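Given only the sequences and the hints, what does the whole structure look like? Please build it.
Quick note: the sequence shown, position 331, residue 341 per this note's numbering, numbers continuous.
Some hints could be false.
What follows is a set of in silico ranges between Cβ atoms, one per label pair, in the way DEER data are often shown [stated by the list, open to error]:
| no. | residue 1 | residue 2 | range |
| --- | --- | --- | --- |
| 1 | G320 | K149 | 48 to 58 Å |
| 2 | N374 | R221 | 50 to 60 Å |
| 3 | N91 | S134 | 19 to 29 Å |
| 4 | I387 | T38 | 41 to 51 Å |
| 5 | I319 | T72 | 50 to 60 Å |
| 6 | S134 | I319 | 39 to 49 Å |
| 7 | I315 | L40 | 13 to 23 Å |
| 8 | K317 | L40 | 21 to 31 Å |
| 9 | L92 | T72 | 13 to 23 Å |
| 10 | I387 | F447 | 20 to 30 Å |
| 11 | N374 | I141 | 23 to 33 Å |
| 12 | G378 | S30 | 38 to 48 Å |
| 13 | S228 | L23 | 19 to 29 Å |
These are calculated hints, taken from the structure and not from any lab test.
Predicted model only: the values in this text are computed from it and were never measured.
Every residue gets a Cβ at the ideal spot worked out from N, C-alpha and C, and that includes glycine.
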Amino acid sequence: MNKILLIIQREYLSRVKKKSFIVMTFLTPLLIAGIYGLIGYFSYKGIADSFDRIAVVNKNTTLDSKLSSNKNIAYTYLDENLEQAKQEIKSGKFDYILYLPEFNLDAPQGIEVFGSKQAGLSLSERISGDIENLIRTQKLKNSGISQTDLDKLKTDVSISVKKIAKEGKEEESSAGASMFIAFAAGILMFMFIMLYGVQVMRGIIEEKTSRIVEVMISSVKPFQLMMGKIIGIALVGLTQFMLWIVLTFAISTAAVSIFINKSDLKKMEQSSHVSAQMKKGAEISANTPGNPITDLQKSLSGLNIPKIIGVFIFFFLGGYLFYSALYAAIGSAVDSETETQQFMMPVMLPLLLGYALSLSVVNNDPYGSTAFWLSIIPFTSPIAMVVRIPYGVENWQLILSMVTLVLGFIATVWIASRIYRVGILMYGKKTTFKEMFKWFTYRN
11 MNKILLIIQR EYLSRVKKKS FIVMTFLTPL LIAGIYGLIG YFSYKGIADS FDRIAVVNKN
71 TTLDSKLSSN KNIAYTYLDE NLEQAKQEIK SGKFDYILYL PEFNLDAPQG IEVFGSKQAG
131 LSLSERISGD IENLIRTQKL KNSGISQTDL DKLKTDVSIS VKKIAKEGKE EESSAGASMF
191 IAFAAGILMF MFIMLYGVQV MRGIIEEKTS RIVEVMISSV KPFQLMMGKI IGIALVGLTQ
251 FMLWIVLTFA ISTAAVSIFI NKSDLKKMEQ SSHVSAQMKK GAEISANTPG NPITDLQKSL
311 SGLNIPKIIG VFIFFFLGGY LFYSALYAAI GSAVDSETET QQFMMPVMLP LLLGYALSLS
371 VVNNDPYGST AFWLSIIPFT SPIAMVVRIP YGVENWQLIL SMVTLVLGFI ATVWIASRIY
431 RVGILMYGKK TTFKEMFKWF TYRN
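Written as C-alpha cells, this is what we have:
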C-alpha cells in the first residue's frame, strides 16, 4: 500500500508542479468564458444586425392581406411580373424576390424565393413563418372575423414551471436552466475522461519506451504501478476541476459587479417590481419578466446545485477510473503512440455513443427508457447520468448507477491488470487483439 501511495505522490506532484498545469488551470476558465461570450455575442449580433430587402410578387388572388415588415426583413410589394422583378435583383435594389403564385390556402404550393445569393436557413424559416401567419390571418378573415377581432386574438403568455416534490412541496423549475447545465456537464464529462484517460496511456508509453519501467518493476508490482498512476492522475484532474469551479465562481461574481452598475441593478429591480404590480383592465401576473439577474437566480433556485456538483465529481472519478484502466492496458501493450489507434477506437466508441445520445435523446427525454439504460450501463453512465441529474433522478436509480459503475471499474481494473503485467515488459513485437487475449489468459 505504501508503494502505491509513493507512486500516487510522484504522479500527482510531477504534474501539478508543471508550469503548463498552473497556467492552463488559471487560463482555462477565462478562455471558456471568452469563447462562450464571443459565441453569444456574434450569434446575437448576427440575428440583430441581419436585414434583407425582399420584393414580393403576389399573383394569388385569394391573399388580400400583406406580409408585414419587421426589423430583420423589409417586404415590398411590386406590381410587376416575375421576370421584371428579377431585374430589380440585378440592379441591387432588392436582395430576394418572394413569388406567391395562385394556390389553395389549404394546400399552398409553388412558393419560391429568388436571389443572387443563397438564402440562409434562418431566413428561409422566417419567411415560411411569415407566410404561414399570413395564410392563417387570411383564413380567419374569410370566415368573417374583423381585423380588430384578429388583433385581439394574439396573446402573449408567460408560464411559471414548478415541480411537486414527493413531500408535496412546490419547487421552482426551469427547463432552460436544466438543459443548459445538462449540456455543459455532458461536454465537460466527455472532455475530462478523454483528456485524463489519454494522459495515463501516454505516461505509460513514455516510461515503457524510455525503459524506466524496468527499474520500477524491480521494486513494485505491475498492479501497484498501474493503480498508482491511475489514481495519481485522477487526483490531478480533481484538483484542476475544483480550482476551475472556484475560479469560475470568482470570475462570474467579478463580471457581474464590474459590468452591471449597482444603481442600474436597483432600477431593474424596481422596474420589475412595479411592472408586476401594474393593472391595466385586469391584474397582470407577478411573473412578468423584468430583471434578468432575478430571472437567472429564480431559474437556478429550483436546482440542487451542491447535489449536481457532487454527482458530477463522483461520475467524473468513476468514469475516469473505468476508462483509464482500459487506456493503461493499451499503453502497456504498444511501443509508441502511433500504434494506439487500432486499440483506442473500441474504447472510445461507447464513450462517443454515450456523448451523442446523452446530448440528444437524454436531454429531450430524461425520464425515458433509453435515458435510464444509458445512465445504468457503466460505459455510458458517466455522461448520461450527469445529463439527467439536473432534471431530477430518483435516488434508487442514482444509487444503482453508482453501484454498477463501481463494479464496472473493478472489472476493468482486473482485466487491464492482467494485460498490463505482461505488456509492460514486451518490446519490439507488434501487438494484436489476439496477442492481448493470450496475455489475459496467462497464469501467474
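Results for each hint:
A C-beta distance of roughly 54 Å is found between G320 and K149, which places it inside the suggested range of 48 to 58 Å. A hinted range of 50 to 60 Å for the beta carbons of N374 and R221 is consistent with their spacing of about 52 Å. A C-beta distance of roughly 24 Å is found between N91 and S134, which places it inside the suggested range of 19 to 29 Å. Look at I387 against T38: about 30 Å separates their beta carbons, and that is not inside 41 to 51 Å.
Between I319 and T72, the C-beta spacing of about 59 Å keeps the proposed range 50 to 60 Å intact. Separated by about 42 Å at the C-beta atoms, S134 and I319 satisfy the suggested range of 39 to 49 Å. A hinted range of 13 to 23 Å for the beta carbons of I315 and L40 is consistent with their spacing of about 22 Å. Against the hinted window of 21 to 31 Å, the Cβ-Cβ separation of K317 and L40 comes to about 27 Å, which satisfies the hint.
Checked against the hint of 13 to 23 Å, the C-beta distance between L92 and T72 comes to roughly 18 Å, which is consistent with it. Distance hint check: the CB atoms of I387 and F447 are about 23 Å apart, consistent with the given range 20 to 30 Å. At roughly 28 Å, the beta carbons of N374 and I141 sit within the given window of 23 to 33 Å. Range check, G378 to S30: about 42 Å between beta-carbon atoms, so the 38 to 48 Å window is met.
Our hint of 19 to 29 Å for S228 and L23 holds, since their Cβ atoms are close to 22 Å apart.
In the structure shown, a violation is registered for the earlier hint numbered 4 alone.
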